Amino acid sequence: MSQVFDIDFGSHRKPRIVGIDLGTTNSLVAFLDLTGPKIIPGADGDLLTPSIVSYAEDGSVIAGNAARRLLIDQSERTVYSVKRLMGKGISDVKDEVKFFPFRIADGSESVIRLQLGGRAVTPPEVSAQVLAELKRNAEAYLGEPVTQAVITVPAYFNDAQRQATKDAGRIAGLDVLRLVNEPTAASLAYGLDKRRNGVVAVYDLGGGTFDISILRLHDGIFEVLATNGDTHLGGDDIDNRLMHIAFEDIAAEWGEDISHNGEAVQTLRQAVIAAKERLSYVPVTRIEFAFRGKTYQREITQELFEGLIKDIVDRTLSPCRQCIADSRVSVEEIDEVVMVGGSTRIPMVRRAVAALFKTKPHTELNPDEVVALGAAVQAGILSGEVQDTLLLDVTPLSLGIETMGGVVSKLIHRNSTIPASATEAFTTAVDGQRNVLIHVVQGERELVKDCRSLARFELNDIAPLPAGAARIEVRFLIDANGILNVSARDVRTGKEQSIEVKPSYGLSEEQVEAMILESVENAEDDFRERQVREARVEADAILGATEKARANDAWVELSDEQRAKVTAAVNRLLMVYHSEDHLLIRAKIEELNEATIALAETMMNTAVRGALKGTKV
Amino acid sequence: MEHPSQPDGGGVQSARCRQCGESSGGELFCAHCGSLQRPATDYYVFFGLKRVLVLDTEDLQRKFYELSRRLHPDRFTWKSAIERQYSLEATAILNDGYRVLRDPLMRAEYVLKQEGFDIGEQRSKDVPPELLEEVFDLNMALEELRLGDEEAHGQIEEARNRFLAMRESIDKELETLYRRFDDTQDRGVLQQVRTVLNRRRYVRNLVNEVEKELAREGQPAQ
Numbered sequence: 001m002s003q004v005f006d007i008d009f010g011s012h013r014k015p016r017i018v019g020i021d022l023g024t025t026n027s028l029v030a031f032l033d034l035t036g037p038k039i040i041p042g043a044d045g046d047l048l049t050p051s052i053v054s055y056a057e058d059g060s061v062i063a064g065n066a067a068r069r070l071l072i073d074q075s076e077r078t079v080y081s082v083k084r085l086m087g088k089g090i091s092d093v094k095d096e097v098k099f100f101p102f103r104i105a106d107g108s109e110s111v112i113r114l115q116l117g118g119r120a121v122t123p124p125e126v127s128a129q130v131l132a133e134l135k136r137n138a139e140a141y142l143g144e145p146v147t148q149a150v151i152t153v154p155a156y157f158n159d160a161q162r163q164a165t166k167d168a169g170r171i172a173g174l175d176v177l178r179l180v181n182e183p184t185a186a187s188l189a190y191g192l193d194k195r196r197n198g199v200v201a202v203y204d205l206g207g208g209t210f211d212i213s214i215l216r217l218h219d220g221i222f223e224v225l226a227t228n229g230d231t232h233l234g235g236d237d238i239d240n241r242l243m244h245i246a247f248e249d250i251a252a253e254w255g256e257d258i259s260h261n262g263e264a265v266q267t268l269r270q271a272v273i274a275a276k277e278r279l280s281y282v283p284v285t286r287i288e289f290a291f292r293g294k295t296y297q298r299e300i301t302q303e304l305f306e307g308l309i310k311d312i313v314d315r316t317l318s319p320c321r322q323c324i325a326d327s328r329v330s331v332e333e334i335d336e337v338v339m340v341g342g343s344t345r346i347p348m349v350r351r352a353v354a355a356l357f358k359t360k361p362h363t364e365l366n367p368d369e370v371v372a373l374g375a376a377v378q379a380g381i382l383s384g385e386v387q388d389t390l391l392l393d394v395t396p397l398s399l400g401i402e403t404m405g406g407v408v409s410k411l412i413h414r415n416s417t418i419p420a421s422a423t424e425a426f427t428t429a430v431d432g433q434r435n436v437l438i439h440v441v442q443g444e445r446e447l448v449k450d451c452r453s454l455a456r457f458e459l460n461d462i463a464p465l466p467a468g469a470a471r472i473e474v475r476f477l478i479d480a481n482g483i484l485n486v487s488a489r490d491v492r493t494g495k496e497q498s499i500e501v502k503p504s505y506g507l508s509e510e511q512v513e514a515m516i517l518e519s520v521e522n523a524e525d526d527f528r529e530r531q532v533r534e535a536r537v538e539a540d541a542i543l544g545a546t547e548k549a550r551a552n553d554a555w556v557e558l559s560d561e562q563r564a565k566v567t568a569a570v571n572r573l574l575m576v577y578h579s580e581d582h583l584l585i586r587a588k589i590e591e592l593n594e595a596t597i598a599l600a601e602t603m604m605n606t607a608v609r610g611a612l613k614g615t616k617v
Numbered sequence: 001m002e003h004p005s006q007p008d009g010g011g012v013q014s015a016r017c018r019q020c021g022e023s024s025g026g027e028l029f030c031a032h033c034g035s036l037q038r039p040a041t042d043y044y045v046f047f048g049l050k051r052v053l054v055l056d057t058e059d060l061q062r063k064f065y066e067l068s069r070r071l072h073p074d075r076f077t078w079k080s081a082i083e084r085q086y087s088l089e090a091t092a093i094l095n096d097g098y099r100v101l102r103d104p105l106m107r108a109e110y111v112l113k114q115e116g117f118d119i120g121e122q123r124s125k126d127v128p129p130e131l132l133e134e135v136f137d138l139n140m141a142l143e144e145l146r147l148g149d150e151e152a153h154g155q156i157e158e159a160r161n162r163f164l165a166m167r168e169s170i171d172k173e174l175e176t177l178y179r180r181f182d183d184t185q186d187r188g189v190l191q192q193v194r195t196v197l198n199r200r201r202y203v204r205n206l207v208n209e210v211e212k213e214l215a216r217e218g219q220p221a222q
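Same order as they appear, the protein sequences are chains A and B. The numbers in the numbering used here rise by one with no breaks, and the one at position 448 of the first sequence is 448. The numbers in the numbering used here rise by one with no breaks, and the one at position 29 of the second sequence is 29.
Note that these hints are calculated values from the structure, not bench results. The structure displayed is predicted, hence computed values, not measured ones. The reader is advised that the hints may include incorrect statements.
Label pairs and their calculated CB-CB ranges [what the hints assert, rightly or not]: (1) K79/B <-> T35/A: 55 to 61 angstroms; (2) R180/B <-> S318/A: 40 to 46 angstroms; (3) A568/A <-> F29/B: 25 to 31 angstroms.
Which bits of chain A does chain B cover? Going by a derived footprint, with three or more residues having C-beta under 8 angstroms, they are [stated by the list, open to error]: (4) 382–396; (5) 413–420.
From the three backbone atoms N, C-alpha and C, an ideal C-beta is built for every residue, glycine too.
Kindly produce the complete structure, drawing on both the sequences and the hints.
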């Protein structure tokens, strides 16, 4: 039967969608094939691509494994853990940047700019380099262009952090079809080959972020009941504790403060991470560090290590308790706990989770890979390859607007299933007022100053009327990516109300466009040329399919009008085929596709009739 | 707050399909070409339910899952821009509506609002007359507890149990009113529902306050 139906006109429009885990420490890209999700290795065979980007003096950029080697030699030009800076302003990360060897440029209030030699880059641009590396790996492996992706983000990421991630994708030349929450993605990878029904908690402690999500699985529907977390808590914090001890020891032993020497800091960091990782398997190990002929050694027992990180582990437990309360299930009802993220290899973390959830956590899946595998499954859901599975996620933070006295009026509560919306009516306070300003915030606190400012929306060109007479209905809609969309309507006229968005954090649309342009100009192969090439490949596919279909019986069954429509659409596509405008080619492909719908249906029907006849004989 | 205007008629669809121009049959998906139509904004219309206050929540959940499978934006990746937009809007209404209708109190507030009743939050601050004495006694006990009077603790626990019992009886009362409204569709019953809802909201706040106080007290002294 499958050959009979091999006439899918739509199939040429479905390029492969990859799934990307854009991590604090490492990133991965995965895809779905007939046997399930698979991680795509880099050129060196590694599945993990370090989220490290090095900007050389000559303007060239290196990302991934090659950049890791430059962490030490070129520490002031090599960026790591940039995910912690996504969607942030300088005041958010004051305590943190002292651990970074690079300088923050002036004017970093709404977007952080890292000063690397002569150039300043923003976190989305750095992340875009990591994404571009993954994209190249995927294209080399799959042997086809990769332009569409699902990217994972921490569940507890706010609007600005999500937008920054989406911007990074665009700068890297990827159409980000969906942002999916990391713990939810993990549950997809996990749930597909395990249980069909029940309640599952996902505990995700990565390099820089912590998430907890509780889901109900129901015949292929993965319904998130509640989520919580801390976007500033992870393995990096544990590393910093060990670094701190080493700095003090070294200062005492060597009589020298090395904490401002980028090369020393990076070498020590690698030594500390290696020791930390060994401690997950042995009761005692040594931090060993050599620098400029001097050596430093220190024994670390698991006991000492656990004393050092206890408060970090404890900090993950209160979000867990809040999440359980919000999900309205009891601990006893939670059937399983899935562990995600490299930091869940630490025995103390596993013990704490087991004690809280009163169950032995699942550790059989590789915690580094499971999120990327889940992202590939979500990509399969979007492409239609995975039919019976659906993810229903929630918004992690309440959305509200500023009202009188700096008080927040909540419009959409946290843990609401997304897409979610709220409508609010606004009016004017004085006669003839033309503008109304709406300040939107995210967070759980009562006062605006304790919440995260998201954006200011200005309703412009309101018809001049007496105070209170204007009536503007504003619709706040959180989409399936967890990103806010706002639209407004004048109730009296029914017309759309003009609205200007001023995001509090992040890049403006113009800035993103400029970065895309720049990245295109710098790209090795001309992006535009490739888009034209891709459009022609698609044109070839649909022209070929149409040509074949014309030989089919179904062609005769169509009305004269329908046949003329197809022929005209074919001619229009042929006319633009050699143009250099890929959008034009795609528009004509779209037209032909629409024109052939009736033909495809008729062919399908004839095929079914044929098949039915066959069975009777 | 006044009755929110419903420019799209709330539930009534334009009967013509935006995709094929034929009569869509007023359903979510065009009866003719199967493409997704602009969704109804009224939650009851959207779920295909009669405007009643007593709902079978298991049936509602089944409908929610079933509609999610058909309407979610994940299912519309390759569809036209307008269908993708409708899918986003429809799923938002589905999720918003499910959140409201599955909760008996939010459900009743929704119907009240649709029927033009004022359900503003300020109302919860006016003490319902029948609770005046209770509230006075409670405030006294809370004050004494803060001043370190151990005996007040028992009084407050008693008060909590009384309020919990009160909330339970209010819920029963509400259920009776819901049924009466469903049978009669009488606006007068909605008026009663509103009064009882206000009282319930007030009692809920009292319970929260008392529990917060008890939890604070349970913590070790600094």
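Now the hints, each set against the structure:
{"no.": "1", "hint": "K79/B <-> T35/A: 55 to 61 angstroms", "result": "28 angstroms, violated"}
{"no.": "2", "hint": "R180/B <-> S318/A: 40 to 46 angstroms", "result": "45 angstroms, holds"}
{"no.": "3", "hint": "A568/A <-> F29/B: 25 to 31 angstroms", "result": "29 angstroms, holds"}
{"no.": "4", "hint": "382–396", "result": "holds (count 6)"}
{"no.": "5", "hint": "413–420", "result": "holds (count 5)"}
Hint 1 alone, counting from the list given before, is not met by this structure.
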